[in-house]
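Chains as they are written, first to last, in our numbering: chain A, 26 to 100; chain B, 2 to 449.
Be aware that a few hints might be false.
Said to hold, decoys possible - What follows is a set of in silico ranges between Cβ atoms, one per label pair, in the way DEER data are often shown: (1) A:H100 / B:G195: 23 to 33 Å; (2) A:E78 / B:Q260: 46 to 56 Å; (3) B:I250 / A:E78: 36 to 46 Å.
Claimed, not checked - List time: in silico DSSO-like cross-link candidates among lysine-lysine, alpha-carbon distance up to 30 Å: (4) A:K98 / B:K130; (5) B:K125 / A:K29; (6) B:K335 / B:K401; (7) B:K130 / A:K47; (8) A:K47 / A:K77; (9) A:K98 / B:K187; (10) A:K98 / B:K26; (11) A:K29 / A:K47; (12) B:K125 / B:K26; (13) B:K411 / B:K335; (14) B:K85 / B:K411; (15) B:K187 / A:K47; (16) B:K130 / A:K77; (17) A:K29 / B:K130; (18) B:K444 / A:K47; (19) B:K187 / B:K444; (20) B:K444 / A:K98; (21) B:K187 / A:K29; (22) B:K444 / A:K77; (23) B:K26 / A:K77; (24) B:K187 / A:K77; (25) A:K77 / B:K411; (26) B:K17 / B:K125; (27) A:K47 / B:K125; (28) B:K130 / B:K187.
Everything labelled a hint here was simulated from the structure, so no lab data went into it. Note that beta-carbon positions come from the ideal geometry of N, C-alpha and C, so glycine has one too.
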Amino acid sequence: MTEKMLDCLGEACPVPLIRTQKALGELAVGDVLVVAIDHSCAMKNIPEWANKEGHNFEIEEVSEGQWEIVIEKSH
Amino acid sequence: MTDITAARPPEASFLKSLRQTAIFKSALVQPWTYTTGAVLLAVVAGALLASTGRIWGVTTALTFWGAWGWELVGGDPHSWTYFKDTAPGFNNPALNFFTDPATMIDVGLIFGALVSTLLASQFKVKNVKSNRQIAGAILGGLLMGFGARLSFGCNIGALFSGVPSMSLHGWVFMVFIFLGAMLGSKLLVMYFIGEASISTAPVPQAAPAAVVAPAAKPGGIKRIQRTHVERKENTTQFPIGIAVLLVLIVICWYFFAVQKSLMLAIFWAFGIAFGFILQRARFCFTAAMRDPCLTGGTNLTKAVIVALAISTVLFTALQASVLIKGGTLDQAMKIGYVAPVGALHTPIGAFMFGIGAVISGGCASGTLMRVGEGFVQQWIALPAFCIGGALGAVTWPVWKDLLMVDMTSKYFLPQLVGGFIPGVVLQFALLFGCWLLADWWSKRQTQA
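Can you make the complete structure from the sequences, with help from the hints?
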């Protein structure tokens, strides 16, 4: 099990989601990806995508207008 | 962690516990669903049309801003035939930034989005990460501004107001903004994003147990190898949000009571409402057009179609009331926005607009919303948008002939299919078809 950090601070939609899709694709089942974002739409569309794909996820509000989405690759 | 809160003054902990209450959270902190946003936007747009007889538009004012800027640097936009031909109100000597209702709806939108983020304590100035984003914002802003002039409207005027008006122009615009967004997505991935920064998380230092978040949450996931979350104690921005909201209300009262302009007050209030709803629901028209091809998501696409269907009900009810009073179809189509389709200008303009919206990271309403949210990328895109609009207006004599603009080519669906009822049936059939297509696409994507 490894944990990767994906820093998408300052990046606009849909870039954080595209990067998340790609980064998670390169991980093994059970690995964890932490995506750092400050785009207010990405804190909605990344969890939505993870949910649709059936991965476990958590949203951490790190500070004002800044989040970390933690995704565990489930399959 | 609790000792931090204990040391805070009581007001701060009151606001902090207020923020933890379920109703506050779901109303003001967590994003609303797209469907909630769709319903509210449609109802507010319908209310604007019913109360003022005018539709929600964004780009005409932005073009005015560009033209006023042009005037500041010594130009003479009042001599442009564009305004004489399409927006004669621009040459009214009493019209300026502070007396233009369309301007106030745009400025209100920016501040509505700002209030929304402040009340959620989520305001942050979001800098760009890569210079490529600056290039995308400038190029995208210019394309949107220019495209919106060519096509007589943007995702709001032409699409969100045009389609529910049963305007052929609105439907043509929708097809081509979609195609433009597809090309824009390809360009975005190829040219306008920098390198991904991905790294392995740091290995825990000494005594990680004390600082790590709970190892497992019910139904959640195990957090591994996280030293600790770099978490600042959230300062609450809620009081600032309330203060800004009060200022906005005072301005609204000023328009009404001092300037004696009900129109300015109404447009200002509606702008704030639109900005607030857009931000709360993260309602992004660009994503609705872009995501089906780029990320496979169609939730927003479906929400836009739902919004258009609800607005259609409201718009057609207003149009029907004209017919019931003995009016003609020609009179009914004045309720709403039926713009000339022409031959080439609408498809080309909508296509440019779609490309621009994707590479700049926001359409007309999205750009304004994100200006209020603190996105530096949109602070750059907005002036480019206004300049693009001014360039579109000043070059009108050239492209008017080149693209064979026919100002009489205003087509109302009921007139094309021989009656109001068949028109409404066609409209809903088209919307339902779009919804089925989006639904099928998302299922197909999941299986793939």
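Evaluated hints:
The hinted range of 23 to 33 Å is satisfied by A:H100 and B:G195, whose Cβ atoms lie roughly 30 Å apart. Our hint of 46 to 56 Å for A:E78 and B:Q260 holds, since their Cβ atoms are close to 53 Å apart. Separated by about 44 Å at the C-beta atoms, B:I250 and A:E78 satisfy the suggested range of 36 to 46 Å. Under the criterion of a C-alpha separation no larger than 30 Å, the hint pairing A:K98 with B:K130 is consistent with the structure, at around 27 Å.
Distance check on the hinted pair: B:K125 and A:K29 sit about 25 Å apart at the alpha-carbon level, within 30 Å; holds. Restraint check for B:K335 and B:K401: the C-alpha separation of about 23 Å stays at or below 30 Å, so the hint holds. Between B:K130 and A:K47 the alpha-carbon distance is near 19 Å, which keeps this suggested pair within the 30 Å criterion. Of the supplied pair hints, the one linking A:K47 and A:K77 holds, its CA atoms being roughly 16 Å apart against a limit of 30 Å.
Restraint check: the Cα-Cα separation between A:K98 and B:K187 comes to about 27 Å, which is no more than 30 Å; the hinted pair holds. Restraint check: the Cα-Cα separation between A:K98 and B:K26 comes to about 28 Å, which is no more than 30 Å; the hinted pair holds. For the hint pairing A:K29 with A:K47, the CA-to-CA distance comes to about 13 Å; that is within 30 Å, so the pair holds. Taken as a hint, the B:K125 and B:K26 pair is honoured in the structure, with Cα atoms around 19 Å apart against an allowance of 30 Å.
Proximity of B:K411 to B:K335 is assessed by CA-CA distance (about 11 Å); at most 30 Å being required, the pair is judged to hold. Straight-line distance between C-alpha atoms of B:K85 and B:K411 comes to about 19 Å, which keeps the hinted pair within the 30 Å bound. Annotation: proposed proximity of B:K187 to A:K47 holds, straight-line Cα distance about 16 Å (limit 30 Å). Distance hint between B:K130 and A:K77 is fulfilled; the C-alpha atoms sit about 28 Å from each other, no more than 30 Å.
The suggested pairing of A:K29 with B:K130 holds, with an alpha-carbon distance near 20 Å, which does not exceed 30 Å. Proposed proximity of B:K444 and A:K47 is supported: the alpha carbons are some 20 Å apart, at most 30 Å. Pair hint B:K187 plus B:K444 holds up; C-alpha atoms about 23 Å apart against a cutoff of 30 Å. Between the alpha carbons of B:K444 and A:K98 the distance comes to roughly 21 Å, so the proposed pair stays at or under 30 Å and holds.
With a C-alpha separation of about 27 Å, the suggested pairing of B:K187 with A:K29 holds against the 30 Å cut-off. A C-alpha spacing of about 11 Å is found between B:K444 and A:K77, which places the hinted pair at or below 30 Å, so the restraint holds. Restraint check for B:K26 and A:K77: satisfied, since their Cα atoms lie roughly 23 Å apart, inside the 30 Å limit. For the given pair, B:K187 sits about 24 Å from A:K77 by alpha-carbon distance, which is consistent with the 30 Å threshold.
Restraint check for A:K77 and B:K411: the C-alpha separation of about 42 Å exceeds 30 Å, so the hint is violated. Annotation: proposed proximity of B:K17 to B:K125 holds, straight-line Cα distance about 18 Å (limit 30 Å). Using a Cα cut-off of 30 Å, the hinted pair A:K47 and B:K125 holds, with the two alpha carbons roughly 27 Å apart. Distance restraint check for B:K130 and B:K187: the Cα-Cα separation of roughly 20 Å lies within the 30 Å cut-off, and the hinted pair is therefore satisfied.
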